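Let's have the full structure, built from the sequences with the hints guiding it.
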Amino acid sequence: MALSHIRLRQVAGQVATIAITLFGLLLLTFVIGRMMPADPVRAIVGEDASRETYEMVFNQLGLDRPIWEQFLRYLGDVLTGNFGTSIRTGQPVIEDILHVMPATIELATFAILIGAGLGIPLGVTAAVNKDRWPDHLVRVFSLFGHSMPIFWTGMIALLVFYAGLGWVGGSGRMSQFYIGLIDERTGFLLIDSLLAGDRDVFWSAVNHLILPASLLGYSSSAYITRMTRSFMLDQLGQEYMTTARVKGLSRGQTIWRHAFGNIRVQLVTIIALAYGGLLEGAVLIETVFAWPGFGQYLTNNLIIGDMNAVMTCVLIVGCIFILLNLISDLLYRLFDPRTK
Amino acid sequence: MQDPILDVKNLCVRYPGAPADAVRGVSFQLGRERLGIVGESGSGKSTVGRALLRLLPGAVISADTLRFEETDLLALSERDMLKVRGRRMSMILQDPKFSLNPIQQVGHQVAETYLRHFRCTKAEARAKVLEMLAAVKIRDPERVHDLYPHEISGGMGQRVMIAMMLLADPDLVIADEPTSALDVTVRLQVLNILDGLVKDRGIGLIMISHDLNLVRNFCDRVLIMYAGRVVEVLKAGEFGQARHPYTQGLLAAQPRIGGNHAPLAVLDRKPEWKEEPLP
Amino acid sequence: MTSTARPHSRLPAPLLALRNIIAFLWRTPTSAFGLIVLSVLILTALFAPWIASHDPYLQDLNNVLQPPGNGHLFGTDELGRDIFSRLVWGARITLRIVFLVTVVVGPIGLLVGTTAGYIGGRFDTVMMRITDIFLSFPSLILSLAFVAALGPSLNNAIIAIGLTAWPPIARLARAETLTFRKADYIAAARLQGASALRIIVKSIMPMCLPSVMIRLTLNMATIILTAAGLGFLGLGAQPPLPEWGAMIATGRRYMIDSWWLVTFPGLAILSVSLAFNLLGDGLRDALDPKQMNRR
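Chains as they are written, first to last, in this note's numbering: chain A, 846 to 1185; chain B, 641 to 919; chain C, 5 to 299.
In short, the hints are calculated from the structure, not lab data. Values in this document were obtained by computation on a predicted structure and should not be read as measured data. Worth double-checking, as some hints may not be accurate.
[Claimed, not checked] Below, a list of computed lysine-lysine pairs in the DSSO-like style, where the Cα atoms sit at most 30 angstroms apart: (1) B:K737 x B:K839; (2) B:K914 x B:K649; (3) B:K723 x B:K768; (4) B:K910 x B:K649; (5) A:K975 x B:K839; (6) A:K975 x B:K723.
Here it is as structure tokens:
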């Protein structure tokens, strides 16, 4: 069939694109890793190691080989899942990262729910009331979210809602009191605590999650709001909206059933991309909230200069981005009847 | 004319921020007949159609009388207007490529009109839709029901549009350039379908077009509009007696098969036509 | 109205355009706010020695963590330094970041974008693939990686931000170039035997410059937040430099009892990035709206 042939070529093209991007990603992390002025050998053997030990490790790391050979070795290592060991924990880096990832995913997922829950209705409101006061209000509100230094807002929020009002939990994923009480099965604390049937821990977790997730969500809602508004504006001017009105549908029905229905697919792709952007905010917010996730892991290793861990983190973020792009692309093809 | 469906006296429409009215002093009555409104783009003919359905957001509509059957359209709240639109008065739009929602199956779009105005089950609505699709001469209604707008041709799309707008059995249908986006070959076919349904069901029709030739064959009467005003009203058979120079100009600018090969006349437009009262 | 416009037409064209744009921005309250904040920032940076009430580095250990008032408008920090004066001097650092990033990003983005767009073919594909690889990282994380490799310092932070901020500019410049490439005057220049380099530098780059500048303004808020974030993580400006993000990082320890240590620098960052965002938003309205909407 001609159609499936085209499909096949599309898929092949996409796979090639991903492969090239991945290769570029690896090249980039490799180059950044080599740029480092800090001496990787010294980091391992310490300041007062003998010359022999130094050279041994130097050769062990393959640093005596030509640079392209080093790259090939790095490529081979990564492709076989060997990302090296962390200097700080002595564990394979990838295990460390898999261990901290659920905390970040939990945070980011709640954040994106809040961000989309806030951004989509605001964007629709702004579009429907274009150039009137709700539009201006939404614009200022979302630009505010886009402009705040999230590490600072995090601190102020902690100061107000935790230290001042006592409405929410402080830093960490749960109260100190509960740490170690719950078996780690999935790594997602909300799920684990429910599996263990421990309501107290569950509510403590929710209490600690709500503030950082809201802040992250607010900051990502700016992007979602703006895109929703501009997508909606495109649709509101379409002729099928007139058709819907002629049928006797109310304004609300035309907006939500028809215009909104037409931007759903675009929104999903936008939200997938925003989800990737949350990782960026997570690095800062996790530091402020002492959230034991990916961001904190990355910054901790940055400060002590553990390049194995840092580069693996960067690589993984890059992969997540590629993956999200791919998913959003797939969703688009899956849900838009016009692409079939 | 006894018992007109629509009675319009001195209709004026002004868009927000515009220096002058887009439509000025338009008056006409409509029975169970087919009325054409003809004019160039910008003459206000589409504005008249949309004003009747009160579809012009922000525009100021005023009239001495704007009566549809026993209803005063200007006095209706938006809520009550929703019950008029689609149910008692509806409109066929120009281009099915844009006027159908691209991500909904056409059958569902047609059914929406019915579900909006009648209490019924989904199955009843579906049966009604299939019946209507057959009535607009779609050969395989079951199949077309589940297609998306991009999967059907323009002519088919416009028949779906007709089905959608006639489904709730309105008393008045406004057709706004219903065939100008279609291939020449299917224009007549679509028009015949529309014409047949309107006649059979005794629906009043307002056909808005820039194409005088097309309209004279399908309408009982024609209003000629220029710069927001009606300059002349003609019965279908009386085009030869057109008195207004603008109408004469329009007629002269029509190409004719087998006519002489002299260049077509260029339309003459005089500023005083904008002001002078109806003859 | 033509008579009133006449006296200004003596101004050179770019200045006239700038004047018109500022006049437009001034009319909307939000972008007017942006203009005001940025003017205040620039004036503060220029006249820092006269505006600051104290030496920003002068420690006074008898006078630490003083609340606002008592001769210290915004209080003092953990080493007894005057916070207001540090903020004022910090404006210079912020401006330096803005200026240097522009100087790094503008030329790189322009060069990559215009050459890729003009030359086209393989070269274009390769360049855009590289751009996409950079774009596939969130900018903060890539800057983190660069700073980690280069070593923490203000200048390295600026270089790192510059290295991550050019891809959107390159994409924009390429898109612009593609529209200009077919223009008649480019063809005329080519027929006269002008070299590709000459055409790019003399004819295409100047045409891309305005939209690139607007785009940079739009991205400046993100750049300032990234710089502050790097400072906060201890990877940007190092103590005792009065960089706002770094001030927040050191103030964090005393936050519970001395709220003013983190509050004022944070407000400073917020207002400057908000100002850039509002200004960018206004510019987007004033100029081509479609193209600027993209990331």
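These are the hints, each one checked on the structure:
1. B:K737 x B:K839: holds, 27 angstroms
2. B:K914 x B:K649: holds, 18 angstroms
3. B:K723 x B:K768: holds, 20 angstroms
4. B:K910 x B:K649: holds, 25 angstroms
5. A:K975 x B:K839: Between A:K975 and B:K839 the Cα gap is close to 43 angstroms, so the pair fails against 30 angstroms, i.e. violated.
6. A:K975 x B:K723: holds, 27 angstroms
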